[in-house]
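Quick mapping for you: the protein sequence lines, in order, are chains G, U and Y.
Here the first sequence is numbered in this note's numbering, starting from -8 and rising by one per residue.
Here the second sequence is numbered in this note's numbering, starting from 25 and rising by one per residue.
Here the third sequence is numbered in this note's numbering, starting from 7 and rising by one per residue.
Any given hint could be a false lead.
[As the list claims (entries may be wrong)] With a straight-line cut-off of 25 Å between C-alpha atoms, the simulated SDA-like cross-links for lysine to any residue are:
id	chain 1	residue 1	chain 2	residue 2
1	Y	K63	Y	V259
2	G	K163	U	A224
3	G	K62	Y	R19
4	Y	K106	U	V69
5	G	K140	G	T258
6	U	K150	Y	L282
7	G	K163	G	F129
8	Y	K106	U	T335
9	G	K60	Y	R19
10	G	K149	G	D159
11	G	K79	G	A130
12	G	K79	G	K103
13	U	K150	U	V179
14	Y	K63	G	T67
15	G	K79	Y	K106
16	Y	K14	U	P128
17	U	K150	Y	R19
18	G	K316	G	T292
19	G	K79	G	A273
20	G	K82	U	A81
21	U	K229	U	T335
22	G	K316	G	P304
23	Y	K106	U	R329
24	G	K140	U	A102
25	G	K152	G	H189
26	U	K229	Y	V259
27	G	K319	G	T258
28	G	K290	Y	W23
29	G	K62	Y	W53
30	G	K229	U	V179
31	Y	K63	G	S250
32	Y	K63	G	K163
In case anyone wonders, no lab produced these hints; they're calculated from the structure.
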Amino acid sequence: MRAHILSAASLLLIALSLACSSNPAAPPPAADEKVEQPAAPSGPAANIAIDGSSTVYPITEAVAEEFQKGKDVRVTIGVSGTGGGFKKFCKGEVVIAGASRPIKPTEVELCKAANIEYIELPVAYDGLAVAIHPSNTFAATMTVAELKKIWEPEAQGKIMKWNQVRADWPDKEIHLFGAGVDSGTYDYFTLAINGKEHASRGDFTSSEDDNMLVQGVSNDALAVGFFGYAYYSSNATKLKAVAVDDGNPANGEGGITPSAETVANGTYQPLSRPIFIYVSKAAASRPEVAGFIEYYLTKGTSLVQETGYIPLPPKAYELALARFKGNKVGSMFAGEGSKVGVTVEDLLARE
Amino acid sequence: MRASEALPMAPTEQRASLKGSLPLGERAIEALLLGCGLVTILTTVGILSVLAFETFAFLREVSPLDLILDLEWTPLFAEKHFGIWPLLSGTLLTSLVAISVALPFGLLAAMFLSELANDRARRILKPALELLAGIPTIVYGYFALVVITPALQSVIPGLAGFNALSPGIVMGIMIIPMIASLSEDALYAVPNSLREGAYALGSSKLPTIFRVVLPSAASGIAAAVILAVSRAIGETMVVAIAAGQQPRLTADPRVPIQTMTTYIVQVSMGDTPTGTIEYRTIFVIGTLLFLITFLMNVGSYRLARRFRRDT
Amino acid sequence: MSLVRKNKRQTERLFWWVSLLAIALPLMLLGWLLVDVLSDAVSRLSWQFITSYPSRKPENAGILPALVGSIYLIALTATIALPIGIGAAIFLEEYGRHSKVAGIIEVNIANLAGVPSIIYGLLGLGVFVRTLGMGRSLIAGAATMALLVLPMIIMVTREALRTVPMSLREACYGLGSTRWQSIWQVVLPSAFPGILTGAILAISRAIGETAPLVVVGALTYVTFVPDGIDAPFTVLPIQIFNWVSRPQHGFVVNSAAAITVLLCTMLMLNGVAIYLRNRLQQRKAS
Chain G
-8 MRAHILSAAS LLLIALSLAC SSNPAAPPPA ADEKVEQPAA PSGPAANIAI DGSSTVYPIT
52 EAVAEEFQKG KDVRVTIGVS GTGGGFKKFC KGEVVIAGAS RPIKPTEVEL CKAANIEYIE
112 LPVAYDGLAV AIHPSNTFAA TMTVAELKKI WEPEAQGKIM KWNQVRADWP DKEIHLFGAG
172 VDSGTYDYFT LAINGKEHAS RGDFTSSEDD NMLVQGVSND ALAVGFFGYA YYSSNATKLK
232 AVAVDDGNPA NGEGGITPSA ETVANGTYQP LSRPIFIYVS KAAASRPEVA GFIEYYLTKG
292 TSLVQETGYI PLPPKAYELA LARFKGNKVG SMFAGEGSKV GVTVEDLLAR E
Chain U
25 MRASEALPMA PTEQRASLKG SLPLGERAIE ALLLGCGLVT ILTTVGILSV LAFETFAFLR
85 EVSPLDLILD LEWTPLFAEK HFGIWPLLSG TLLTSLVAIS VALPFGLLAA MFLSELANDR
145 ARRILKPALE LLAGIPTIVY GYFALVVITP ALQSVIPGLA GFNALSPGIV MGIMIIPMIA
205 SLSEDALYAV PNSLREGAYA LGSSKLPTIF RVVLPSAASG IAAAVILAVS RAIGETMVVA
265 IAAGQQPRLT ADPRVPIQTM TTYIVQVSMG DTPTGTIEYR TIFVIGTLLF LITFLMNVGS
325 YRLARRFRRD T
Chain Y
7 MSLVRKNKRQ TERLFWWVSL LAIALPLMLL GWLLVDVLSD AVSRLSWQFI TSYPSRKPEN
67 AGILPALVGS IYLIALTATI ALPIGIGAAI FLEEYGRHSK VAGIIEVNIA NLAGVPSIIY
127 GLLGLGVFVR TLGMGRSLIA GAATMALLVL PMIIMVTREA LRTVPMSLRE ACYGLGSTRW
187 QSIWQVVLPS AFPGILTGAI LAISRAIGET APLVVVGALT YVTFVPDGID APFTVLPIQI
247 FNWVSRPQHG FVVNSAAAIT VLLCTMLMLN GVAIYLRNRL QQRKAS
């Protein structure tokens, strides 16, 4: 043990000198090229700035990691939430915005005012998982009405215990965790459950960082939280997904648990939705940006499943790529924002 | 070289006092060095103006009464509430837990070092205790979340993953050296004549410590405690990692809460655009934090000065 | 021995042990926690870990951008803070001893030492990042950190200057030198070991600082080593912060390993400082 520490400490000094010079002796696959900076043209030319949804982040992160191998491109990805990402996008601070909901009318206006045209590209399906602690047996199924009772604005300060929602639930505190207000996940959840986007109670742990929500729920027997399905599936041993009953027998009786199948075939409602990236039309003419997007919609699609998301049907990706190459600006959702219960192929095909 | 000694005058200066002016080079250098010193004043001015500017801009849109009368804190949501109490209670709760851990340990350590230890023990133990203060706070945050919280959860059923107890305990450990060191100075400053007087009256070691030395050092120790609490109030990383992100008014240390410092971290990580109300709230909370710690520091300093005067 | 005296002795003994325990217990707890970190970290510490970039897969993720970012940041911070801090200390000790300005500066320094570090972050955000338009760059972070460590550098430099005997200065004046000549040629070199030691200790504290840099904006996802002072950056403590927030166990192990690297770096710096001080003091004595 001591030898490891001593060697690590002395290696630090060597790492210092090496990092400032050329490539290290034995570069592992993920860690090579970027060490040598002076040769690369610095500045905006070789830099792709991305920001936005924490839901889309894992896919973009995976695509960027694979894309950057063997290339002289720098990709930076921020996680300010869908709303935050759009704000930056419509200011020209980033060229790609990840969004877990379609662009809203106010954001359309913002971009128009700044003369920024966007190309809307769906990249995957996502379910919103409602998660509880594995030891929680009583709340295995919840109806949409019950979720609304917990999360609606009127619940603030009033609905504080489980048995206030359903009488046979325990007389214990509810600890609530949910996506942050700048996230498309929050926008979509409030629309689907409370009926109005952005309307919810304010006294819960709200964070743009889904990892923190997972931590919160997985460590607390009295917790319930909502976040992207991928964060549930990659932590499935620490969480339990609630089966959501939307009261509509047409798409499945009773409570439906989220899974790759139920999200793809539309039975996990109302909490399934497509997620997007928005590319600035001006930036799309840059070779590295075009290369990145093409990679995203071709080889990157295999990474969708790897990161825990539900891939679109192959035809949808072809249509999306055609949309990008054709520089088709504007939103398929007519700039009206989220719609509950849409299939992306229909929309793409319609255009 | 004591501070009260006057500086000797260089020959150029003696000549200057006769002739009327120093050589230009010397004056320029002195001005440059003065400028360096003024940087600290600029820092204070900078802090005060940044805080004041954004806070006043905020208060133009939101009434100060809202800050005081509202009991909810939801500035990021559609329905905005700006009551400072939830964040304040989160900070106070964690600090209270911290001081209730640090005070007994710190005070006992101080008594040991000042009254009971021999020179050799003091030379080893005092720097050893300082080690606790040298560990970076991010490491303490890791301890709180990864080690202390699970350990507590096995003992306290129903303890949430994010809570005020775990970071409070860890912060307490972190500020023990502060209390120990400052209290030891206070105990040490109590004149020996008081101790000897007590021994002469037949008292033994322990009652002397508790009935004579401790009370005499009381205001010095109080100054130490106030300073330590101020440190705990300003602590960021430990609570940001382990205390949670849910602003709520509560006295229960077992549930997720949010402190003032965590709120500032949360919002500034999300890169809120300048000039919005949300951006300004971090400066409002910053002002509150600054005022509280400043008042406590001044109070501690005054107490310490009075103590030094009285002994 | 009478019963009363025996009881007194016993209580004294008991108290002796209890108060010794008050010192030992927190130290043992710290020791246990450090062993815990090291045992987690040992499996992960390797050359690959130090030279890799962050990745979504914990086993591939490494600390290279964070480590280099920390080193660059500290170097830049020292470049800014040391001249200013030493200059201010020289002013306070050698020039303005009893002047009013010096008094105000001293009060300021005492105040600033007690301000929570996150307030410095707000200062950096408001002034450097936004108003002066530096953006979320290395220089903005370094400027903020420089202001943070300035009080400490001033204090240790003043201590070092005080150790230089007055007779040395008077000797210089006796030989006809100006004040600045005596400082530059005699006093500073004489105080140098103390200044160096103090500076290294201040720097080693700064490496572990997180809060102000979070506010000033070290990024979440950085897959490159910063290539200029206006570049985005991340530092080791923020990388630890990022990893600790992730629920996967692999990342917890990574943060333990990164913590080990951080603590080793601080240990090394402290060791260098103490070694240098001893060597330079020996040389002075001989």
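We went through each hint and held it up to the structure:
The hinted pair formed by Y/K63 and Y/V259 meets the criterion: a straight-line CA distance of about 12 Å does not exceed 25 Å. A C-alpha spacing of about 62 Å is found between G/K163 and U/A224, which places the hinted pair above 25 Å, so the restraint is violated. A hinted pair counts as satisfied when its Cα atoms are at most 25 Å apart, and G/K62 with Y/R19 does not qualify at roughly 71 Å. Between the alpha carbons of Y/K106 and U/V69 the distance comes to roughly 18 Å, so the proposed pair stays at or under 25 Å and holds.
Taking the CA atoms of G/K140 and G/T258, the gap is about 22 Å. The hint holds against a cut of 25 Å. Restraint check for U/K150 and Y/L282: satisfied, since their Cα atoms lie roughly 23 Å apart, inside the 25 Å limit. For the proposed pair G/K163 and G/F129, the alpha carbon gap of about 12 Å is at most 25 Å, so the pair holds. Straight-line distance between C-alpha atoms of Y/K106 and U/T335 comes to about 29 Å, which puts the hinted pair past the 25 Å bound.
Taken as a hint, the G/K60 and Y/R19 pair is broken in the structure, with Cα atoms around 68 Å apart against an allowance of 25 Å. For the suggested pair G/K149 and G/D159, the alpha carbons sit about 18 Å apart, so the restraint of at most 25 Å is met. Taken as a hint, the G/K79 and G/A130 pair is broken in the structure, with Cα atoms around 39 Å apart against an allowance of 25 Å. Between the alpha carbons of G/K79 and G/K103 the distance comes to roughly 14 Å, so the proposed pair stays at or under 25 Å and holds.
Among the hinted pairs, U/K150 with U/V179 is inconsistent with the structure: their alpha-carbon atoms are about 32 Å apart, more than 25 Å. Only pairs whose Cα atoms come within 25 Å are accepted, and Y/K63 paired with G/T67 is accepted, the gap being roughly 17 Å. Of the pairs offered as hints, the one joining G/K79 and Y/K106 is violated, with about 49 Å between alpha carbons and a cut-off of 25 Å exceeded. The hinted pair formed by Y/K14 and U/P128 meets the criterion: a straight-line CA distance of about 22 Å does not exceed 25 Å.
Restraint check: the Cα-Cα separation between U/K150 and Y/R19 comes to about 21 Å, which is no more than 25 Å; the hinted pair holds. Straight-line distance between C-alpha atoms of G/K316 and G/T292 comes to about 17 Å, which keeps the hinted pair within the 25 Å bound. The straight-line distance between the Cα atoms of G/K79 and G/A273 is roughly 15 Å, inside the 25 Å bound, and the hint therefore holds. Simply put, G/K82 and U/A81 have alpha-carbon atoms about 23 Å apart, close enough for the 25 Å limit, and the pair holds.
The hinted pair formed by U/K229 and U/T335 meets the criterion: a straight-line CA distance of about 20 Å does not exceed 25 Å. Simply put, G/K316 and G/P304 have alpha-carbon atoms about 19 Å apart, close enough for the 25 Å limit, and the pair holds. For the hint linking Y/K106 to U/R329, the alpha-carbon distance of about 21 Å falls within 25 Å, and the restraint holds. A threshold of 25 Å between alpha carbons decides the hint, and for G/K140 with U/A102 the separation of about 18 Å falls inside it, so the pair holds.
Distance restraint check for G/K152 and G/H189: the Cα-Cα separation of roughly 23 Å lies within the 25 Å cut-off, and the hinted pair is therefore satisfied. Taking the CA atoms of U/K229 and Y/V259, the gap is about 50 Å. The hint is violated against a cut of 25 Å. Only pairs whose Cα atoms come within 25 Å are accepted, and G/K319 paired with G/T258 is rejected, the gap being roughly 31 Å. Restraint check for G/K290 and Y/W23: the C-alpha separation of about 68 Å exceeds 25 Å, so the hint is violated.
A hinted pair counts as satisfied when its Cα atoms are at most 25 Å apart, and G/K62 with Y/W53 qualifies at roughly 23 Å. Between the alpha carbons of G/K229 and U/V179 the distance comes to roughly 20 Å, so the proposed pair stays at or under 25 Å and holds. A threshold of 25 Å between alpha carbons decides the hint, and for Y/K63 with G/S250 the separation of about 22 Å falls inside it, so the pair holds. Of the pairs offered as hints, the one joining Y/K63 and G/K163 is violated, with about 38 Å between alpha carbons and a cut-off of 25 Å exceeded.
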